[in-house]
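> Here's the letter readout for the chains.
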Amino acid sequence: MVRYFTRLRMRRIYKWGGRPYIFDRKLKSYGFEYLNMSVEGQEAVTTVTPGQYILIEGNDDEYPFVAKLLKFFGDESHKQKKALVQWFLRLSEVPQNKKLLLGRSPHPQEIFYYLGRACDNEINAESILAQCPGCGIIKIYCYPLFLHNFDAETPQWALEVKVESCVPRNMTRQTALLNTRPLNPEASCTNVSGGNTVQLTNKVSPARHKKSLEHEKPSKAPPSQNLPNPDDAGPGSNSGLEKELRNSVCFPCFLIQVTPSTPRHATPSIPSRTVPARQPGNILEEARARLHVSSVPESLPCREQEFQDIYNFVESKVMDGTGGCMYISGVPGTGKTATIHEVIRCLQHASDMDEIPTFRFIEINGMKMTDPHQAYVQILQKLTDQKVTADHAAALLEKRFSNPAPKKETTVLLVDELDLLWTRKQNVMYNLFDWPTRRHARLVVLTIANTMDLPERIMINRVASRLGLTRMSFQPYSFKQLQQIITSRLNKVKAFEEDALQLVSRKVAALSGDARRCLDICRRATEICEHSTSHPSSAGLVRMNHVMEALDEMFSSSYITAIRCASLQEQLFLRAVIAEFRRLGLEEATFQQVFVQHRALSRVEGLQPISVSEGLAVCQRLGACRLLLLEASRLDMLQRVRLNVSQDDVLYALKAVRD
Amino acid sequence: MSKRKVKETHMPVGECISQVQMILRERFCHQRLPEKPVGMESQHKHLLELLRRTAVHGESNSVLIVGPRGSGKTMLLNCVLRELLEVKDVNKNVLPVHLNGLLQTDDRIALKEITRQLNLENVVGDKVFGSFAENLAFLLEALKKGDRSSSRPVLFILDEFDLFAHHKNQTLLYNLLDVSQSAQAPVAVIGLTCRLDVLELLEKRVKSRFSHRQIHLLSSLSFIQYLDNVRSQLSLPQDFPDTNFYDEWNDDQSVVDVLQRHYNSSKDFRSLHLLLMLALSRVSASKPAIKPTDLLEASRVCMVDSKANILHGLSILELCLIIAMKHLNDIYEGEPFNFQMVHNEFKKFLQRKSHSIHNFDKPVVIKAFEHLQQLELIKSMDSSTAKIQKEYQLMKLLLDHSQIMEALQKYPQCPTDVKQWAIVPVLET
Numbered sequence: 001m002v003r004y005f006t007r008l009r010m011r012r013i014y015k016w017g018g019r020p021y022i023f024d025r026k027l028k029s030y031g032f033e034y035l036n037m038s039v040e041g042q043e044a045v046t047t048v049t050p051g052q053y054i055l056i057e058g059n060d061d062e063y064p065f066v067a068k069l070l071k072f073f074g075d076e077s078h079k080q081k082k083a084l085v086q087w088f089l090r091l092s093e094v095p096q097n098k099k100l101l102l103g104r105s106p107h108p109q110e111i112f113y114y115l116g117r118a119c120d121n122e123i124n125a126e127s128i129l130a131q132c133p134g135c136g137i138i139k140i141y142c143y144p145l146f147l148h149n150f151d152a153e154t155p156q157w158a159l160e161v162k163v164e165s166c167v168p169r170n171m172t173r174q175t176a177l178l179n180t181r182p183l184n185p186e187a188s189c190t191n192v193s194g195g196n197t198v199q200l201t202n203k204v205s206p207a208r209h210k211k212s213l214e215h216e217k218p219s220k221a222p223p224s225q226n227l228p229n230p231d232d233a234g235p236g237s238n239s240g241l242e243k244e245l246r247n248s249v250c251f252p253c254f255l256i257q258v259t260p261s262t263p264r265h266a267t268p269s270i271p272s273r274t275v276p277a278r279q280p281g282n283i284l285e286e287a288r289a290r291l292h293v294s295s296v297p298e299s300l301p302c303r304e305q306e307f308q309d310i311y312n313f314v315e316s317k318v319m320d321g322t323g324g325c326m327y328i329s330g331v332p333g334t335g336k337t338a339t340i341h342e343v344i345r346c347l348q349h350a351s352d353m354d355e356i357p358t359f360r361f362i363e364i365n366g367m368k369m370t371d372p373h374q375a376y377v378q379i380l381q382k383l384t385d386q387k388v389t390a391d392h393a394a395a396l397l398e399k400r401f402s403n404p405a406p407k408k409e410t411t412v413l414l415v416d417e418l419d420l421l422w423t424r425k426q427n428v429m430y431n432l433f434d435w436p437t438r439r440h441a442r443l444v445v446l447t448i449a450n451t452m453d454l455p456e457r458i459m460i461n462r463v464a465s466r467l468g469l470t471r472m473s474f475q476p477y478s479f480k481q482l483q484q485i486i487t488s489r490l491n492k493v494k495a496f497e498e499d500a501l502q503l504v505s506r507k508v509a510a511l512s513g514d515a516r517r518c519l520d521i522c523r524r525a526t527e528i529c530e531h532s533t534s535h536p537s538s539a540g541l542v543r544m545n546h547v548m549e550a551l552d553e554m555f556s557s558s559y560i561t562a563i564r565c566a567s568l569q570e571q572l573f574l575r576a577v578i579a580e581f582r583r584l585g586l587e588e589a590t591f592q593q594v595f596v597q598h599r600a601l602s603r604v605e606g607l608q609p610i611s612v613s614e615g616l617a618v619c620q621r622l623g624a625c626r627l628l629l630l631e632a633s634r635l636d637m638l639q640r641v642r643l644n645v646s647q648d649d650v651l652y653a654l655k656a657v658r659d
Numbered sequence: 001m002s003k004r005k006v007k008e009t010h011m012p013v014g015e016c017i018s019q020v021q022m023i024l025r026e027r028f029c030h031q032r033l034p035e036k037p038v039g040m041e042s043q044h045k046h047l048l049e050l051l052r053r054t055a056v057h058g059e060s061n062s063v064l065i066v067g068p069r070g071s072g073k074t075m076l077l078n079c080v081l082r083e084l085l086e087v088k089d090v091n092k093n094v095l096p097v098h099l100n101g102l103l104q105t106d107d108r109i110a111l112k113e114i115t116r117q118l119n120l121e122n123v124v125g126d127k128v129f130g131s132f133a134e135n136l137a138f139l140l141e142a143l144k145k146g147d148r149s150s151s152r153p154v155l156f157i158l159d160e161f162d163l164f165a166h167h168k169n170q171t172l173l174y175n176l177l178d179v180s181q182s183a184q185a186p187v188a189v190i191g192l193t194c195r196l197d198v199l200e201l202l203e204k205r206v207k208s209r210f211s212h213r214q215i216h217l218l219s220s221l222s223f224i225q226y227l228d229n230v231r232s233q234l235s236l237p238q239d240f241p242d243t244n245f246y247d248e249w250n251d252d253q254s255v256v257d258v259l260q261r262h263y264n265s266s267k268d269f270r271s272l273h274l275l276l277m278l279a280l281s282r283v284s285a286s287k288p289a290i291k292p293t294d295l296l297e298a299s300r301v302c303m304v305d306s307k308a309n310i311l312h313g314l315s316i317l318e319l320c321l322i323i324a325m326k327h328l329n330d331i332y333e334g335e336p337f338n339f340q341m342v343h344n345e346f347k348k349f350l351q352r353k354s355h356s357i358h359n360f361d362k363p364v365v366i367k368a369f370e371h372l373q374q375l376e377l378i379k380s381m382d383s384s385t386a387k388i389q390k391e392y393q394l395m396k397l398l399l400d401h402s403q404i405m406e407a408l409q410k411y412p413q414c415p416t417d418v419k420q421w422a423i424v425p426v427l428e429t
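In order, the protein sequences belong to chains P and F.
Read left to right, the first sequence gives residues 1 to 659 (my numbering).
Read left to right, the second sequence gives residues 1 to 429 (my numbering).
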């Protein structure tokens, strides 16, 4: 893959400064006092020293990582340049569920102390972009209210608060007030590890956490006294705050002030309604709402095995921090997407409970994009909220997944309707399956399509090989399963007779095993039941006859009714077509030939023969509703005519008319 | 009676007639919806109930209205929408989006149209939509953000639904139907089509997402009902100011005949309206009522064979060529012919039988032949016209024997020898 850069990259030169001191005798590593950075061709030299905040090169040029520099070290040759850092998270990097735990709306440029051990805090010093404390356009503001959690570092924070006391006063107060709002009890209840505090990261062991909590309780007062804002520093208000703090989130919060940018994409929405939607009134309406395909059921019955398999697969990958692919097939309406969503819901819950590391879930759908290459754009947009062209997105993703990067969480990517991502060179599929195999990718790809042998059928060898052999196929539901699905959805709402349910599920199982169909039929049956009685509230159970009617409506062919309802000349024309087919011994005739028969037949029937133009009009009408298949009408009389229904059906329908 | 009334209210006949014409024209040109759709009560109830649930309960639905052309699909839908919008709660709460397969010929145009009709473009201010992909993502985002209880239901009305199924990958249909089957903004997808096999056009994933509700509009109207309908169509509303415009024609046998003939040919109201429209145009101040002769005349205009009209306008030479082609068709049983063959046949006639027509130069005959081709009375069978010389291009005649004979009968001052030739071909001796 060719590396793709949008901007001309400037080469930076890094040099150690100060006197090296021996840091570790055995490893022969040296520590350094500071690092000089300069850009090639320019005179200006920046110096970074430990304790400063720095920006570190990451996936995204516009939003580099933020960290606090702890230590510089290297080997004897002084060529190796390493640094020890403490990571901070940008707001955009904080998982959604953690943001909710915060219990307030954070400033968009706030940063958060990162306690997770998922990423290495030893970095290459040459990836440092710039320093960012208190000078230039980037400023860090520290809010002492949130410092209690970090006993060891408290003095330093406090010191910085003093330095940065140039915070605009009103702003500080406003945010501080926001911060003190207590969390709602539900949010704190979800946390098991911290007792009454909520941690940003998941890897902190409960024991250590609690200890630190106890430890810091006495040390709460000193930092608060260092508050830059005299209003907040009053002892009365402070003790009140402290009480609240025991139940609230303890994050260190910083603001990085970057020049404000306008939001790049406004999110559109459908206008909201003036009158709220009415809730279901009676049992049948309730049943109908529950049977709608869109309603999310409490559980997914009949897919336990598949659920477990997928769950185990994804969970193990997330735990190990590795990647992998899985291919899932099955005919429409067998619950493939629903099962995966359920798996992800469960995993996300587990990660909220800090049982497994956090992960990102991204979903794309082949049908919901206009071109296979848009897949890159959508993935990138969902990952980083960037909006770029397809080629650029491919390059960025390539870079992201192939380079080691600190602070990387596993990405779970669901690719629905995989077959539509097929291109002639298959590069989209190739990339999707190739990324998980990279060492640093941490990508799990779940793919869904309808056909079981899709890898063999449409993929070239190198793509199919990367997809691997982790496959799963969802069988169409059997009638018992369908019945169970409906029963579980209805969940004790007594609206159906047992036999009626059985009939529906047997019928659908015999035809397709599509659960959507089953639900739709049941829904229609409730409507029929409702209409059959004069008063909607007095409607009883949905019985056999209602279900039969619904089944009839959905599955019966309308051709025969259409022929019966056709006008006399149209029926005559159909008879003429059949007569001509019999005469020719073929299933095809030109209009001219049929028209001769038509005229003869109308004489037999004692009707006035119609003109050719009218005959053509009759023929076109039959063609429009596809009882006949016609050639293009510019061929006029020479257009060939075929029947789209079997001859027997036509004769049956016409015979019934005459009787 | 009408005249007396006119006198009472002092309204001139001309004024009265123009009023009558205005009312009836509105009716026949489908500018005004009827009070209640006729002969489709159950379908009306079904559709109204369905859309009401979408509008009031926020339940997503999809439905197809299937029926032959002119069976009143659009009329039914418009009636239902009108009734739906009369409900107070609903009025401000639904967003109808009208699409037509003939106008929105691909998904890109359709998406633009949807965003326009939903007024979503305002959201992004003056930002001009970029690519098709952005457009799709934008719309899906918008629909996804909504939920059942709080966002306004959107009614997607897809006229000529079958044409949407021909779009690439059926992306639009998949997405609309997918929204209708998932917990997003409530939508109702209503398709109108005349194809009975429309479900077979849908891709399996799209089909699975469609609810399989179909409302069939197949008129099983008997002739008596049809006549009633004609009567009600022609009678004037109660509140018409002046006249009670009434006809005595319904006893007349000839009118019933005409209508029976129309009924036999097609049951739809659009062709009936056309017929009545023609009759209505003949009403004037001097002739203030529709007479049976008017209807007869209108019917004649409707039923006339278009090609017979063209044949009347041909020259004798062109007619002779047509007769020559007819004979060639008889001899070779419908095999194609070329100009040379036709010319030979024509020359044979000139030499042996003709008294009235003299010889024409070949270029003149070729010109006549080409004119026939332009009129599409004959059609070239070869696709590549450039390679073959004009005289040898294979042609087929697009006329029926009966049409030729009929035209000859009616042709003004047709020479008898030509007529004779049309019946008896020149035999080889």
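Among the clues, some could well be false.
Unchecked claim - DSS-like cross-link-like pairs, simulated, lysine-lysine; straight-line CA separation at most 25 Å:
1. F/Lys204 <-> P/Lys368
2. F/Lys379 <-> P/Lys507
3. F/Lys204 <-> P/Lys480
If you're looking for bench data, these hints aren't it; they were derived computationally from the structure.
> Starting from F/Lys379, check that the Cα of P/Lys507 is at most 25 Å away, please.
violated, 53 Å
> Take a quick look at whether F/Lys204 and P/Lys480 sit within 25 Å of each other, Cα to Cα.
With Cα atoms ~24 Å apart, F/Lys204 and P/Lys480 stay inside 25 Å; holds.
> Measure nothing beyond the straight line between the CA atoms of F/Lys204 and P/Lys368; if it is 25 Å or shorter, mark the hint as holding.
holds, 16 Å
Violated hint: 2 only; the structure is consistent with all others.
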